[in-house]
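Could you put the whole structure together from the sequences, leaning on the hints where they help?
Taken in sequence, the protein lines are chains A, B, C, D, E and F. When we follow my numbering, the leftmost residue of the first sequence carries the number 1, and every step to the right adds one. When we follow my numbering, the leftmost residue of the second sequence carries the number 1, and every step to the right adds one. When we follow my numbering, the leftmost residue of the third sequence carries the number 1, and every step to the right adds one. When we follow my numbering, the leftmost residue of the fourth sequence carries the number 1, and every step to the right adds one. When we follow my numbering, the leftmost residue of the fifth sequence carries the number 1, and every step to the right adds one. When we follow my numbering, the leftmost residue of the sixth sequence carries the number 1, and every step to the right adds one.
Simulated from the structure, these hints should not be mistaken for laboratory data. Predicted model only: the values in this text are computed from it and were never measured. Do not take every clue at face value.
Only part of the chain C face toward chain B is listed, based on derived beta-carbon distances under 10 angstroms [claimed, not checked]:
1. 54
2. 55
3. 74
Beta carbons are placed, not taken as given, at the ideal position from N, Cα and C, and that holds for glycine.
One-letter residues, chain by chain:
Protein chains: 6
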Amino acid sequence: MSDWLTSLQTDTPQQGFELAIQLARKGVAYTQPSAEIRNQLRDAYANNADSLTQSSQVIATHYQTVAAANDYWK
Amino acid sequence: MSDWLTSLQTDTPQQGFELAIQLARKGVAYTQPSAEIRNQLRDAYANNADSLTQSSQVIATHYQTVAAANDYWK
Amino acid sequence: MSDWLTSLQTDTPQQGFELAIQLARKGVAYTQPSAEIRNQLRDAYANNADSLTQSSQVIATHYQTVAAANDYWK
Amino acid sequence: MSDWLTSLQTDTPQQGFELAIQLARKGVAYTQPSAEIRNQLRDAYANNADSLTQSSQVIATHYQTVAAANDYWK
Amino acid sequence: MSDWLTSLQTDTPQQGFELAIQLARKGVAYTQPSAEIRNQLRDAYANNADSLTQSSQVIATHYQTVAAANDYWK
Amino acid sequence: MSDWLTSLQTDTPQQGFELAIQLARKGVAYTQPSAEIRNQLRDAYANNADSLTQSSQVIATHYQTVAAANDYWK
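Next up, the structure:
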């Protein structure tokens, strides 16, 4: 893939959260490279509560990493 | 999204827990932006034990981050 | 909610474990505030091995936080 | 419950692993206090690969805590 | 297995992410050594949203390790 | 059980990964002590993508512990 991640540092906790979301999605994209198929799948899981919770779990895990990388924006 | 997260610091462990809940919900909201659909889904998973446990797992993961950010309110 | 969590510090590792259980249950209670419904759900998942394992997973995650907050009661 | 956990320190990494197993089981026992029911459930999940993997996941999570508490027995 | 992992250090956060993906896949390959069977399985889970999310979760967990090993590329 | 784990220190990151695999399997073996039954179960889950992913998740969790124990082999 082309360059998409050059730093884990962000200016704010919210930007860090959005980076965590990007990392979660990239974890999917490396396994399923087709954006078309990913969009089809999203229609299904975006309307399934358990699927959404699992997605939120992946984001939470990446947010631990990003927050630590930024020393929790203290 | 508009600004919704400016700091991971909270005054008390309980406020930190409530922030963890907010983070868990935001992880869902970025994937399913429709509040109407999220409310419909909540009716179902709020009455399903396993779905509630999974939600509690996401909160637990975020609480690790928030607690570390606050040096555990020591 | 009223105040229910004022500190993550406990006197013993066992009290810390019991606090982790409380945190796991609170994560459920914020999503399903009805104690009556939660009690109904408990009858089901308390007799399902996989549900119990998932509950134990949430407790384990919170226990990491509580143990770190107490410097592992060294 | 009576006292069952007075320290996270163990002499060896293996004893720490066995403590992690005990913690995983205690997480179940607090939710399902009946040893008779737990034994019945064990017959089922001990013969189900995915259930065993989930149990192993809980142990792994507790082992992180126990290992950190012992500074990894360095 | 032959040598496939000599260091957790990488030059960039993105290379670290790609190492996390490799670690996630190796975790599968040690259990299912047949590349042919793994390729067959990939066709199925690469088109299943929940399977992709779970894969992304494993990557997220390994990325915590790799990022810490690189002091978050600060 | 007889002694099977005397140290979390390994010479290389790859040996650490293989130790993480051993820990994941031991977590199963303590619950299902019969090697014969475990081998039967492996035939099933080694051909199921989601089961393999879950196994990889347990390995990832243990690898965090082993890597930290070795200061990431820096």
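Here is how each hint holds up against the structure:
The interface hint given for residue 54 of chain C is met, as the beta carbon of that residue sits about 5 angstroms from the closest beta carbon of chain B, less than 10 angstroms. Annotation: residue 55 of chain C was flagged as interfacial toward chain B, and the flag holds, the nearest CB pair being 6 angstroms apart, inside 10 angstroms. About 14 angstroms separates the beta-carbon of residue 74 of chain C from the nearest beta-carbon of chain B, more than 10 angstroms, and the hint is not met.
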